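Q: Chain by chain, the residues run as shown.
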Amino acid sequence: MAAYFDDADLAHFGELEKHHPELWNLWLKYYGQAFEEGLLTKREKILIGFAVALTEKCPYCIHSYTSQAQAAGLTMEHLAEAGHATASLRAGVTLAHALVAHNLDKKTGM
Amino acid sequence: MPRPLPTLHARHVPLAEPAAQRATLHALGLPRRFEDHLASAGLAPLRPSRIEVLQVNVGRVCNQTCRHCHVDAGPDRREQMSRETMQHCLDALAKSDIPTVDITGGAPEMNPHFRWFVTEVRALGRHVMDRCNLTILETPSHRDLPRFFAEHRVEVVCSLPHYMASQTDRQRGDGVFEDSVRALQRLNAEGYGDGASGLRLVLVANPVGAFTIADQKGMESEFRRVLKARYGVSFDALYCLANMPIARYLEWLVESNNLRAYLDALVQAFNPAAAAGAMCRNTLSVGWDGALYDCDFNQMLDMPVASTAPRHIRDFDLASLTARSIETDLHCYGCTAGAGSSCGGATT
Numbered sequence: 001m002a003a004y005f006d007d008a009d010l011a012h013f014g015e016l017e018k019h020h021p022e023l024w025n026l027w028l029k030y031y032g033q034a035f036e037e038g039l040l041t042k043r044e045k046i047l048i049g050f051a052v053a054l055t056e057k058c059p060y061c062i063h064s065y066t067s068q069a070q071a072a073g074l075t076m077e078h079l080a081e082a083g084h085a086t087a088s089l090r091a092g093v094t095l096a097h098a099l100v101a102h103n104l105d106k107k108t109g110m
Numbered sequence: 001m002p003r004p005l006p007t008l009h010a011r012h013v014p015l016a017e018p019a020a021q022r023a024t025l026h027a028l029g030l031p032r033r034f035e036d037h038l039a040s041a042g043l044a045p046l047r048p049s050r051i052e053v054l055q056v057n058v059g060r061v062c063n064q065t066c067r068h069c070h071v072d073a074g075p076d077r078r079e080q081m082s083r084e085t086m087q088h089c090l091d092a093l094a095k096s097d098i099p100t101v102d103i104t105g106g107a108p109e110m111n112p113h114f115r116w117f118v119t120e121v122r123a124l125g126r127h128v129m130d131r132c133n134l135t136i137l138e139t140p141s142h143r144d145l146p147r148f149f150a151e152h153r154v155e156v157v158c159s160l161p162h163y164m165a166s167q168t169d170r171q172r173g174d175g176v177f178e179d180s181v182r183a184l185q186r187l188n189a190e191g192y193g194d195g196a197s198g199l200r201l202v203l204v205a206n207p208v209g210a211f212t213i214a215d216q217k218g219m220e221s222e223f224r225r226v227l228k229a230r231y232g233v234s235f236d237a238l239y240c241l242a243n244m245p246i247a248r249y250l251e252w253l254v255e256s257n258n259l260r261a262y263l264d265a266l267v268q269a270f271n272p273a274a275a276a277g278a279m280c281r282n283t284l285s286v287g288w289d290g291a292l293y294d295c296d297f298n299q300m301l302d303m304p305v306a307s308t309a310p311r312h313i314r315d316f317d318l319a320s321l322t323a324r325s326i327e328t329d330l331h332c333y334g335c336t337a338g339a340g341s342s343c344g345g346a347t348t
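Chains A and B, in that order, give the protein sequences. So the first sequence is residues 1 to 110, counted in the numbering used here. So the second sequence is residues 1 to 348, counted in the numbering used here.
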């Protein structure tokens, strides 16, 4: 059985177009425009992409956004800060979900 | 001061030889020759536009041995341009209207005739750029150079790969960042980089690894923000230069198993607009011994100008040099990838 994630996969990501060119190209246009520089700089958007890649645990995206970060002059120190910000928010999200338990206990507990 | 690493030359390794460097690139069997890419862009053979820069490499001696150095410069090198050869450069300038002299090395300031040469070029009314590694300005015999530069209105183009010490030191040696910041502060104290004095201070950033920089503008604003906030340093412009697969950077690419992927990325990113704006089209490069080349990279690979042109600065002839075709090989992909790379930064 071949590995599910192969670092050579990124090079033929575009082959997915053939299964539904119309939707593929709509997505590609949306993705391209969303990551263009606007009020946010290119570097800020790269870091957003990196954070999403981590939380979605996507090896392809982590590879791609690390390369983009290097090309933008960002270093592992920058990515480590972004990683910790991402991880700490994820921890906060987990804790915030404990509010459901907290609220139920407040309502039903004695 | 940083502890220097040995040069390829001092280690007597095969890659010290230019022919071995070119053979290493050719052995990759890249899918396309550089000349074919030029031809499909309508640029073959590549020819000069107008010679606007005389880039004079005054020697390979340096107080540093940076890991990406295409010159394989270092403290053990002995090649230095003589005063006689510098005079040939001055004679060539006097009979042409080349407006800019770009002095490089090694650490050009270590050439014993450096100050005399700068003074004479300025006396001819030409603009002078000095490619400075910054740490040389912190050595006892060169500490007064910022004042000398200011007095002679020399544009200082300094290497600083990153505003983070860890990155800079990884490429250029332990302690380089700290010394570099001190030198920049002393240049600022002379008026360099204040945007008003006309004393131009440019930073040059080479990537610290096997990748290229895609966003010179974004890098510049980050450098400006961080260097000002942390160290009070200001500058006029940042140039992002690609590392060339030559000499010590080539050795690192081979040893780190990054050579193939790096070259593939450069080939894939070939940009006709970057090729059209390549620095070899407006620059003439002079070696320490007076030999002429299309650029400093060709110089290090022992690729002299075409035989239709004079090959030594004492035989300088602007008309035949302008009519020559430019020598190219696989390393040229380093200047034509993406936004392009030149001694003046991105070319598109």
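Keep in mind that the hints were calculated from the coordinates and are not lab data. Hints may be right or wrong, so weigh each one.
Output of the computed footprint for chain B on chain A, the stretches with three or more beta carbons under 8 angstroms from beta carbons of chain B [what the hints assert, rightly or not]:
| no. | region |
| --- | --- |
| 1 | 34 to 45 |
| 2 | 68 to 75 |
Cross-link-like lysine-lysine pairs, in silico, DSSO-like; alpha carbons within 27 angstroms at most [as the list claims (entries may be wrong)]:
| no. | chain 1 | residue 1 | chain 2 | residue 2 |
| --- | --- | --- | --- | --- |
| 3 | B | K228 | A | K45 |
| 4 | B | K95 | A | K42 |
| 5 | A | K45 | A | K57 |
| 6 | A | K42 | B | K217 |
| 7 | A | K42 | A | K57 |
| 8 | B | K217 | A | K45 |
| 9 | B | K217 | A | K29 |
A quick note: this is a predicted structure, and the numbers were derived from the prediction, not measured. All residues carry an ideal CB built from backbone N, CA and C; glycine is no exception.
Q: Are the hints correct? Go through all of them and say.
A: Verification of the supplied hints:
no. : hint              : verdict
1   : 34 to 45          : holds (count 3)
2   : 68 to 75          : holds (count 6)
3   : B/K228 with A/K45 : holds, 24 angstroms
4   : B/K95 with A/K42  : violated, 48 angstroms
5   : A/K45 with A/K57  : holds, 18 angstroms
6   : A/K42 with B/K217 : holds, 10 angstroms
7   : A/K42 with A/K57  : holds, 22 angstroms
8   : B/K217 with A/K45 : holds, 15 angstroms
9   : B/K217 with A/K29 : holds, 24 angstroms
Going down the numbered hints, you'll see the structure goes against just number 4.
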